[in-house]
Amino acid sequence: MDSRNLYNEILTEHNMRPYYKHELEDADLVLEGVNPNCGDDIWLKLKLDGDVITDGAFVGDGCAISQASADIMLGLVIGRTKSEAIRLIDMFTRMIKGEAGEEEIEELEEASALKDISHMPARVKCAVLGWHTLEEMIGDKGGDES
Amino acid sequence: MDSRNLYNEILTEHNMRPYYKHELEDADLVLEGVNPNCGDDIWLKLKLDGDVITDGAFVGDGCAISQASADIMLGLVIGRTKSEAIRLIDMFTRMIKGEAGEEEIEELEEASALKDISHMPARVKCAVLGWHTLEEMIGDKGGDES
Amino acid sequence: MSAENTNVRTNEDIRNDFVLIAQNEYAYLDNAATSQKPVCVIEAEKRFYTDMNANPMRGFYPLSLEATKAYEDARSCVANFIGASCPEEIVFTRNATESINLVAYSWGLNNIRACDEIAVSVSEHHSNMLPWQMVAKATGAKLNYIECKSDGSYSDEELERAINSRTKLVAITHVSNVLGRRNPIEKITEMAHSFGALVLVDASQSIPHMKIDVQKLGADFLAFSGHKLLAPMGIGALYGRKSLLEDMPPFLTGGEMIESVRLDGATYAEVPHKFEAGTVNAAGAYALSEAIRYINSIGYEYIKERDRVLTAKAIEALRKTEHVRILGSEDPYDHNGIISFTIDNVHPHDISEVLAQDKVCIRAGHHCAQPLMEHLKIGSCARASIMFYNSEDEVERFIESVASVRRRLGWA
Amino acid sequence: MSAENTNVRTNEDIRNDFVLIAQNEYAYLDNAATSQKPVCVIEAEKRFYTDMNANPMRGFYPLSLEATKAYEDARSCVANFIGASCPEEIVFTRNATESINLVAYSWGLNNIRACDEIAVSVSEHHSNMLPWQMVAKATGAKLNYIECKSDGSYSDEELERAINSRTKLVAITHVSNVLGRRNPIEKITEMAHSFGALVLVDASQSIPHMKIDVQKLGADFLAFSGHKLLAPMGIGALYGRKSLLEDMPPFLTGGEMIESVRLDGATYAEVPHKFEAGTVNAAGAYALSEAIRYINSIGYEYIKERDRVLTAKAIEALRKTEHVRILGSEDPYDHNGIISFTIDNVHPHDISEVLAQDKVCIRAGHHCAQPLMEHLKIGSCARASIMFYNSEDEVERFIESVASVRRRLGWA
Ligand SMILES: Cc1ncc(COP(=O)(O)O)c(C=O)c1O
Ligand SMILES: Cc1ncc(COP(=O)(O)O)c(C=O)c1O
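Residue numbers (my numbering), protein chains in the order written: chain A, 1 to 146; chain B, 1 to 146; chain C, 1 to 412; chain D, 1 to 412.
Just chain A, with the same shape it has in the complex:
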């Protein structure tokens, strides 16, 4: 349970200067995600062109982990198709459970900065909040989840 490195540079950067934390006019999809126990609360907003996520943003309130994780996620999925995004969400979820392989973690790019969360059960919910919210928004139409 050593978490000395939890607040690493990637995470603190995305927390202090989130790139996607802003309003998004004319979003096609909007959904609130909440962790009632700890009070993390985000509104995720997406623009779609057919199956492709063309833009995204979030607003909200919560701990550094929930906020940075949502920001990192948007950077990763914007420009991808819904089914690609679903695949990444799945990978991320498995990384958080400590079940993802090396290459998978690599494919998650900056999101791999959150991999130590797998040793911190109390913070898992914060890390996955954005991802689960995204999954709810696009999941049912996401197609080939394999």
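Hints in this document: simulated from the structure, not taken from any laboratory.
Beta carbons: idealized from backbone N, C-alpha and C, even for Gly.
Some hints here could point you the wrong way.
Claimed, not checked - On the chain D side, residues computed to face chain A include the following (Cβ under 10 Å):
| id | residue |
| --- | --- |
| 1 | S85 |
| 2 | D350 |
| 3 | E353 |
| 4 | W411 |
Keeping the supplied structure of chain A fixed, place chains B, C and D with the ligands upon it in accordance with the hints.
Relative to the frame of chain A, chains B, C and D with the ligands by itself:
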């Protein structure tokens, strides 16, 4: 808490062959006494001539201690005035609390067979059932309780 | 500790796991009231306080995380132990009484109407009767008492009369705390379910003696206490089918059972936390899981065998003792360690008092089952109750002491 | 153990009474959530199980009599400790939450009507707010929230507005679990009583820090948990004036709380047993009485002095730390060991996480006081809470760790 001698001869005799356990026609006073927790239940019946208890009896159900104690009590108070009876009840109660002196215990005659109950908190209620019922019947008019 | 393999431990080995039992001073035969606790359980509770004591559920520091894990692992342990589908089906309570009251208040008051019936067996412990009297009174529903025969068994006709299309709930004990008899729960749940009624099973007396499988029993709710199952006082459990628990409103309210609170109301946490208001007894739950581990290490095979041997010994001897009358079935195997009896002309409290003088611990009275006492037409009775750690020697002390009672009360 | 006289024991001596504290690994500053337990308390609970374990109240054999005596002596001990007139005024519960729910269900639902008001302070813990929301909803009564100023104090005007001739009950905490401030209970009970209203005092956070005297407070009901007062989890108490308890109907029903049960109803035992359904947590009560004995041996003089010294040290240092904001009063003496704070741009959960990395144990969140958080216009906060066994060194570790938080989150 050694109670080897609790079921002594006096007690078992009064339990097996209670002298006063029978109906009493034309009683002047009748009262039920109950120990709800253990189920001891007696009906005490008295005949009075002015201030004097001329006759008494009881019916009911309960452990050897409650039944024998009621029987011994009636033997002691019949023929006495109400205030004498109240004095004996008071003495008995103090004996049960372990607070009575030698002479007092002697004055209680056969009832002194119950003095070891003072070491047995769970059985005190059984021993005093008859006596408290009697007190309730005659107490308020009992006069000089001193 | 002897270093042999599992299940080759002798009765003496096992007795050494229990401080009070190992001392051999008392013949403790009041196990149906509460069990003794093995050293490992007492040490587990102590370990919680010395190694991970913190308020679970809300802290981010290691102690609190460990306390939370110990508590939630205990929940999984209980769920596995009784065959629940998932840990969320287990609510920790103080004791069986609270478990049943929770169902009565939360499910009963909200699902039972004036035109409904609640079927309750006449042999229930007060803890599985008074809550239903309360619900009946509050809702106007009818309490339909299921009457047993004098050996504790139920006729099919009686079950068919009492469980019918108006029945909303059947509240029945798995094993009677007076007669020791196992009730035909599987048959009853099938009947009840055919009418859409639910069944609450009181497993307080069965779980120390037989493997419980809520699926096989078909129980919708099941309640038991830790303290009768080698665990400390102050911890118990309620099993409820998840869909039922989810639909029920909370009972006690306060900290730890909410999602959010506003001045005009609150939204509640998911099951089971919705039903666990205030700081939980995490140390008690942790110790209960250790008790379950111990029971599993002993095994119900062994437990049933010891119950059978010791009960048969006691019943055979009592049957030969003049003026002693045994309640319930003729067959020792139907007693699950519980032997209730009376002695002619001797009040049960005097029986128990005389036995106490011989340091034989049994219970006497109505055993919180007054309606059963009335049904059996006795005011009270004496009860010895056996646990796997009891010895032949203790049973002999009991038999001898019982045989001396009438003489010592003067009926020579 | 050092053989010196009472009250010349050093902080180190005292720390050695607590296993987790003596190890010096964690700086445990989450005492308002739950306290650590001294060895004597843990041993007392163990002793109950090894020396006198039996179901109390109903057995005639020595073990059961001893268990009963231990339990009832514990009741007397609690009664003396808080100045109750007699032991019957103490009902043992699981925790403060259950104590308050008992009053809400048994007294509240039966005495409060649609035209009445219940005054509840906005700074209450959820456990002293949700039960009254439930009563208000069930009865149609109005919940009148008493609003505090940002330092946690109440203006006379506000008290006079909220406590009026329609008020039936005032539910108020003695010390806030977020602001640490002691509320003017004596003034409030006097006002309430002048309108014939009752006052329930939540003493959960005060009793570990100050002498409670229910007579001086004028409390009609008072609730607290054992686990915050050095005792095990799973035991708590409710004080109620005897005449009130006597008039209240039972809450939970079942074994041990009846006089007699028939198929058509029951008569209940006297107070306090009427409110203690099922097998009691006698071992927990016994351990609670040991905790009280320990507290008395330490003495509230010493406790208050330690609270003052350590709180002042922490508050002074935090005040000098940039970007840290302390909630509540400016005066450390008003905090009773509770120091809640925020750090600019850092979420309280991250504060607590960073401190956890340094093995400093504090709590972060809404502290089961969401309405107060809203009232103070913050979502959550971090809270350190001190107990007499804490050391200057631990406070320093806390201060240093707090000072490093912003840097470690990147706000260099
Ligand atoms: C002020 C206050 N009231 C009530 C409670 C509830 O106590 P418990 O959770 O032990 O029932 C707490 C502590 O959590 C508290 O701080
Ligand atoms: C059959 C049965 N049900 C319920 C109970 C109540 O258990 P508890 O007092 O632990 O709540 C008991 C034991 O007392 C029992 O024997």
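The hints, checked one at a time:
Evaluation of the D:S85 hint against chain A yields a violated restraint, the C-beta minimum of about 42 Å exceeding 10 Å. A cut of 10 Å between beta carbons decides the hint on D:D350: the least distance to chain A is about 5 Å, and the hint holds. Because the smallest distance between the Cβ of D:E353 and any Cβ of chain A comes to about 7 Å, under 10 Å, the interface hint for this residue holds. Hint on D:W411 holds. Least Cβ distance to chain A is approximately 7 Å, under the 10 Å limit.
Going down the numbered hints, you'll see the structure goes against just number 1.
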